[in-house]
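Listed in order, the protein sequences are those of chains A and B.
If you number the first sequence the way our numbering does, the last residue is 110 and the count never jumps.
If you number the second sequence the way our numbering does, the last residue is 160 and the count never jumps.
What the hints contain is simulated information worked out from the structure, not anything from laboratory work.
Misleading hints may appear alongside valid ones.
To be verified - The calculated lysine to any residue pairs, modelled on SDA-like cross-linking and capped at a C-alpha distance of 20 Å, are:
(1) A:LYS106 <-> A:ALA28
(2) B:LYS83 <-> A:VAL23
(3) B:LYS16 <-> A:LEU31
(4) B:LYS16 <-> A:VAL23
(5) B:LYS83 <-> A:ARG26
(6) B:LYS16 <-> A:VAL102
(7) B:LYS16 <-> A:ARG26
(8) B:LYS83 <-> A:ASP101
(9) B:LYS83 <-> A:ALA28
(10) B:LYS83 <-> A:SER103
(11) B:LYS16 <-> B:THR79
(12) B:LYS16 <-> B:ILE84
(13) B:LYS16 <-> B:GLY27
(14) B:LYS83 <-> A:SER3
(15) B:LYS83 <-> A:VAL102
(16) B:LYS16 <-> B:THR82
Stated by the list, open to error - Ranges between beta-carbon positions, derived for each pair:
(17) A:ASN2 <-> B:ALA100: 35 to 45 Å
(18) A:ASN2 <-> B:THR89: 26 to 36 Å
(19) A:ASN2 <-> B:LEU140: 33 to 43 Å
(20) B:VAL99 <-> A:LEU96: 44 to 54 Å
(21) A:ALA42 <-> B:VAL139: 17 to 27 Å
(22) B:SER115 <-> A:ARG26: 15 to 25 Å
(23) A:ASN2 <-> B:VAL145: 43 to 53 Å
(24) B:VAL139 <-> A:ASN2: 29 to 39 Å
(25) B:LEU133 <-> A:ARG26: 32 to 42 Å
On a predicted model such as this, the values are computed, not experimentally measured, just so you know.
Where is the CB? At the ideal position from N, CA and C, for every residue including glycine.
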Amino acid sequence: MNSLSDFMLVSAMLFGIGVYGLVTKRNALRLLFAVEIMINAANLNFIAFGQYLPFEGSAQTALPNAFGQTFVLFSIALAAAEAAVILAIVVVAYRLHRDVDVSELKSLEG
Amino acid sequence: MMVLTVGSAIVALEAKEIVYGAIGLAGSLFGVAALFFLLDAPYVAVFQIAVYIGAVAVLILFTVMLVREEKWAKEAPATSLTKIAGALTGLAITIALAVAAVDTNLSQYTTISNSATFVNIGQLISTGDAPILLTLALVLAASVVGALTLSRADREEPGK
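Between the sequences and the hints, there should be enough to build the whole structure, so can you do that?
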C-alpha cells in the first residue's frame, strides 16, 4: 500500500462500484450515493498523482506542488453544494410525485 | 483501509435500508479520508472529514430520517438483465483502469515527492487561484439559496 498504482487500484474499484450503482439503481438517493462515490474516486486519483509525481515547476519557484490538494479542496466544496441541491430536488420531487424512483418521474422527461 | 473503503461503498449501494446505505457511504468517505492521510495530505483529509462526514453524510441521514416514509426505502427491484449489465459495466471499467494503472510504469513511484503543507495550499489559493475561490463561494451561496428556495416554495404548495 505504498506505490502510486495501489491508490489507483482503489480509485478504479470505487469508480467501478459507482458506475454499477448508476446503472442498476433507480432510487434517487442511491444515485446520489453512487455519484458521491465516483467523485471520491476522482479526488483520490488527484491527490495520489499530485503527491507522487515529481513537479518540474516547483524547482524554480522553490514551492512544493500543492496543485492536486488545492484542486481536491475545490472539488470537495463543489460536491457538498451539489449534494445539498440534489437532496432539495429529491425532497421536492417526492412531495410532488410521492415517489423517489427516477423511472417514475415522468414529468421530468422532455 | 482499502477493504473499509471499497466494502463500505458496496454496503452504501446494496444495503436494504437506505439509512444503513447512508451510514455505509459515511464509512466509505471516512476510508477515503484515511487514504488521504496515508498520502501525506492531512489538510485535505481533515477537510474531507469535516465537509463530507460532518455535513454531507449528516445532511443525507437527517433528510432520510425526517422524511421517513416507506417509499424512500422501497425500490423497484432491478431486473436481472439490468443488474448483470451494470455489474459487467462496472467490472469492465474497473479492470480497464486497473490494467492501465498496473501496466504502465506508475508503480515505480513509491515515495511521496511532494509534501505541501497547508501554508503552501493557502498561498496557492489566495494568490493564483483566488478567482476560483471567489467563484466557488458564489456557487456555494447560490446553491444554498437555491436549495432553500426549492424547499420553501414547496411548503407553500399545500396552502394554495
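(request) Against the structure, test the hints numbered earlier, and report the numbers of the ones violated in rising order. (result) 14, 17 and 22
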